[in-house]
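Engineer: One-letter residues, chain by chain:
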Amino acid sequence: MGIKINDQSFKKNLKKNLNDDFMRAAMVKAQDLINKNRANVLSQLGDGNYQEWQKLSGEVRAHAIENLDFYLNQFAENVVKNGGNVFFAKDAKEASQYITNLAIEKGVKKVVKAKSMVTEEIGINHDLIDAGVDVKETDLAEYILQLDDWNPPSHMVVPSLHLNKTQIRDVFAKNGYSGKDIPEDLAAFARAQLRNEFVTADMGIYGCNFAIAESGAITLISNEGNIDLCTSAPELQVAVMGMERILATYEDADICISLLARNAVGAKNTSYTTFVNGITEEGAADGAKEFHVVIVDNGRSKVLKSQFKEVLQCMRCAACLNICPIYRQVGGHSYNSIYSGPLGVVLTPLLAGYDDFEELPYMCSLCGACTEVCPSNIKLHSLIHEHKRVLAEDKKASTFWGAGMTGAGMVFSRPWMYKLGTGVAPLMTKPFMVDGKIKRGVSVLKGWTDKRDMPALEKVRFRDWYTSRSKGGNK
Amino acid sequence: MKVTLFTTCIVDFMAMNVGKATVELLEGLGHEIDYPTNQTCCGQPMYNTGYVEKTKGTIKHFIETFEHAEVIVSPSGSCVSFVKEYPHILADDKVWKERAEKVASKTYELSQFLIDVININEISAKLPGKAVYHSNCHTARFLKVKEQPLQLLSKVEGLELVDFHNSDKCCGFGGTFSVKMGDISAEVADEKARYIQEANPDYLIGADFACLMNIGGRLSRIGSNIKVMHIAEVLNSK
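Residue numbers (the numbering used here), protein chains in the order written: chain X, 1 to 475; chain Z, 1 to 238.
Just so you know, the hints here were simulated from the structure itself, not pulled from any lab data. Built from N, CA and C at the ideal position, the CB exists for glycine as well. Careful: at least some of the hints might be erroneous.
[Stated by the list, open to error] Straight-line C-alpha distance at most 30 angstroms; calculated DSSO-like pairs for lysine-lysine: (1) X:Lys446 x Z:Lys130; (2) Z:Lys2 x Z:Lys84; (3) X:Lys419 x X:Lys11; (4) Z:Lys20 x Z:Lys227; (5) X:Lys305 x Z:Lys84; (6) Z:Lys126 x Z:Lys146; (7) Z:Lys146 x X:Lys36; (8) X:Lys439 x Z:Lys130; (9) Z:Lys238 x X:Lys437.
[Stated by the list, open to error] Label pairs and their computed distance ranges (CB to CB): (10) X:Lys15 x Z:Asn119: 26 to 34 angstroms; (11) X:Ala131 x Z:Lys146: 50 to 58 angstroms; (12) X:Thr249 x Z:Lys102: 43 to 51 angstroms; (13) Z:Glu122 x X:Lys15: 47 to 55 angstroms.
All chains, please: the whole structure from these sequences, using the hints.
Structural biologist: Put into structure tokens, the structure is as follows:
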């Protein structure tokens, strides 16, 4: 599995998710809770002026992206100085092959892997399994999803948000659990299973929240501590990062880390913030004896040269998912991509093309809430609109809407056509009327009228009233 | 002051009362109304669907129709926020960009005009009952008009304004989004309608008819008695 998570049509997938009452209730509950906590911790940040912090972190991220070549080279040089190896992968296949070959070459039998979006993107799990390597996801939510036949994540920060405790109990029951659906018991079961995996693994794979150019450090931010077991127990370790995850300095990281957990889960900080600095000294009790960093392009350099460059500033906090009114209703799987919500709408078509994701840019009401919260100061709604423009104008994706909008453009720029059109429109909508309202629309109106009434078009338009009034008529 | 009215296409053919209330309200405050009868739409539906080039004709028509005005006032924050985008959309044509800037700089949403431009302190409106105010995304977020409608509503005699859960969140309208993704839009509107019902108001008030039509459409379908009113109608209530 790479970016695309299933082969169902967009509409079929959407319908299934809209009918999943549990998942939808979970989304609403999670959004409300996270946003309440988020507002609380942001109000306590410095002088409480979030906009200033947002501007600052946006500048820090934009600076790194503007000078990506320089900082990537500086970072890579420092990783090598720290005893590590760096591999620049041009696409998902190269990245996955490098890691798989490394595992084969070193005789790796078992990999413990910490949650990371970019490893989902390159589809490393299945390549390793195909090569005969046992892979264990160690993040609790990812572990659940792995046991659930590699059910795809539905959220960037809370991957198994779409499952409830009973469903999780059922998943565990298939794997030897005999207890009840009590969260503490379920977590204890997973912990007992995973502890043994950590100490017997030959290789650790993890992602990278930020890569610090000035030191060559990989910054990892987590709550469960499982990443820290991946960075300490196995002697062979691989960090995988999208090439945009660079920050110039620790000072820059300070700003971004201050905003990441606050925006992601509404907490001041996470339990663990770890800096991995290459191999450990000879004789050290833990840490990597061999360390690799795989820097993944996979379409990012193309984005860097495009009008969508700003999206590379994203620090994957998922604040945009947590605020989006559409994500709230449809859940992460409806986007058919590992990247969901507003960020997914922008990023997925850039990395994976429009062919499979043509519908995504329309999963947006352009309400602008995502832009308002984004700690990387990305104008997400404007980038979503730019996708719509590219689809409409450059790709000419929908002749139906294109024809409709050509017509609207003609009518709205010619007053005589507008006056004529709005004059006869009430007659044309008459067949859809019930009790003075439009209740059974067809075609484009169907989605509206399935659950909502639409007012009848006025028989007397405002302009008619005004004109007759100014002539001394009806007041 | 001579106020040039941009009533919006949707008010013109779907909500005549909103336009009528806007006229009566402004006249009642002593202003002279100028209504250019060649006006049509601001162009937002085409633009937001992605058809930028096809929108330019409509935008230019708007500019030609309204550039004579001293001040342009509209009962729709969303449309006004789009007019503010005109200079950006016409950026590659110096002459049109400048004309767009002039028009954009003198265009105001109704409550913004009443508070920020003519600084009214009193409103002689009266409407007994409990109300919730739905904050339109483009009005509040893009135009930054959040407090003005609330200030005005607080001056209405007999009106008690209460908050409701997620009152500042999108109602799911989003122009053509509401028909292109009609089923998702309906779910967002349904949730909005539920939270409004929980507050048990007599009135739902908004400063943008499109959102009111969307939420009101759901309220109507579920048989709610909550009366949906545009702020112009409320401020014009006697």
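Engineer: Now tell me if each hint is right for this structure.
Structural biologist: Hints, verified against the model:
Of the pairs offered as hints, the one joining X:Lys446 and Z:Lys130 is violated, with about 33 angstroms between alpha carbons and a cut-off of 30 angstroms exceeded. A threshold of 30 angstroms between alpha carbons decides the hint, and for Z:Lys2 with Z:Lys84 the separation of about 21 angstroms falls inside it, so the pair holds. A hinted pair counts as satisfied when its Cα atoms are at most 30 angstroms apart, and X:Lys419 with X:Lys11 does not qualify at roughly 37 angstroms. Proposed proximity of Z:Lys20 and Z:Lys227 is supported: the alpha carbons are some 18 angstroms apart, at most 30 angstroms.
About 29 angstroms separates the Cα atoms of X:Lys305 and Z:Lys84, which keeps this hinted pair within 30 angstroms; it holds. Proposed proximity of Z:Lys126 and Z:Lys146 is supported: the alpha carbons are some 22 angstroms apart, at most 30 angstroms. Distance restraint check for Z:Lys146 and X:Lys36: the Cα-Cα separation of roughly 20 angstroms lies within the 30 angstroms cut-off, and the hinted pair is therefore satisfied. Proximity of X:Lys439 to Z:Lys130 is assessed by CA-CA distance (about 29 angstroms); at most 30 angstroms being required, the pair is judged to hold.
Our distance criterion of 30 angstroms between C-alpha atoms is met by Z:Lys238 and X:Lys437, whose separation comes to about 28 angstroms. Distance hint check: the CB atoms of X:Lys15 and Z:Asn119 are about 52 angstroms apart, inconsistent with the given range 26 to 34 angstroms. For X:Ala131 and Z:Lys146, the hinted distance range of 50 to 58 angstroms is satisfied, since their beta carbons lie about 57 angstroms from each other. The hint said 43 to 51 angstroms for the Cβ distance between X:Thr249 and Z:Lys102, and at roughly 45 angstroms that hint holds.
Taking the beta carbon of each, Z:Glu122 and X:Lys15 are about 53 angstroms apart, inside 47 to 55 angstroms as hinted.
Violated hints for the displayed structure, listed by number in ascending order: 1, 3 and 10.
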